[in-house]
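Given the sequences, and given the hints that come with them, work out the whole structure.
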Amino acid sequence: MALAHYHREPKGPTESINDPGYFVLGNHKFRDSSQGGHGQVDMKKSIVVSSDTYYYKLAIGMGVDLIHEHISPFGFGKQTGVDLSGEARGILPSSHGN
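If you number the sequence shown the way my numbering does, the last residue is 295 and the count never jumps.
By construction, these hints were calculated from the structure, which means they are not laboratory data. Incorrect hints may have been included.
Straight-line C-alpha distance at most 27 Å; calculated DSSO-like pairs for lysine-lysine [to be verified]:
id, residue 1, residue 2
1, Lys-241, Lys-254
2, Lys-242, Lys-254
3, Lys-254, Lys-226
4, Lys-226, Lys-241
5, Lys-226, Lys-242
6, Lys-254, Lys-275
Here's what the structure looks like:
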């Protein structure tokens with residue numbers, strides 16, 4: 198996700214967001230690993246402290262199609278090809294259907 202954002206927005210690594218320790222989407226609150234949040238978080242700090250909030254906000258800004266475009270080449274949404282009985286392909290949403 199960080200790399201996809203960097204390709205979209207070259208100044209991305211230096212942009213920061215406030216991480217209060219949670220992210221609200223609709224009526225659901227997604228909590229981060231740090232109850233009080235991580236404060237101001239840029240890309241480097243988001244990786245170091247594993248800020249879920251940073252990536253939730255990043256994903257909302259990128260949109261489903263850009264995320265799909267950047268992570269599809271890594272095999273997301275496809276079967277692994279190893280011998281696993283009953284393996285299903287993953288779900289990789291896009292605005293055009295899966």
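Has the given pair, Lys-226 with Lys-242, been kept, meaning a C-alpha gap of at most 27 Å?
-> holds, 22 Å
Pair hint outcome, Lys-254 versus Lys-226 [Cα-Cα no greater than 27 Å] = Roughly 13 Å between the alpha carbons, so the hint for Lys-254 and Lys-226 holds.
Sort out whether Lys-241 lies within 27 Å of Lys-226, counting only the CA atoms.
-> holds, 24 Å
Keeping to a limit of 27 Å between CA atoms, is the pair of Lys-254 and Lys-275 held or broken?
-> Distance of about 26 Å is within 27 Å: holds.
Under the criterion that the straight-line Cα-Cα distance not exceed 27 Å, is the pair Lys-242, Lys-254 satisfied?
-> Holds. Lys-242 to Lys-254 sits at ~15 Å (cutoff 27 Å).
Within a Cα-Cα threshold of 27 Å, do Lys-241 and Lys-254 meet the stated pairing?
-> holds, 15 Å
Checked against the numbered hints given earlier, the structure satisfies every one of them.
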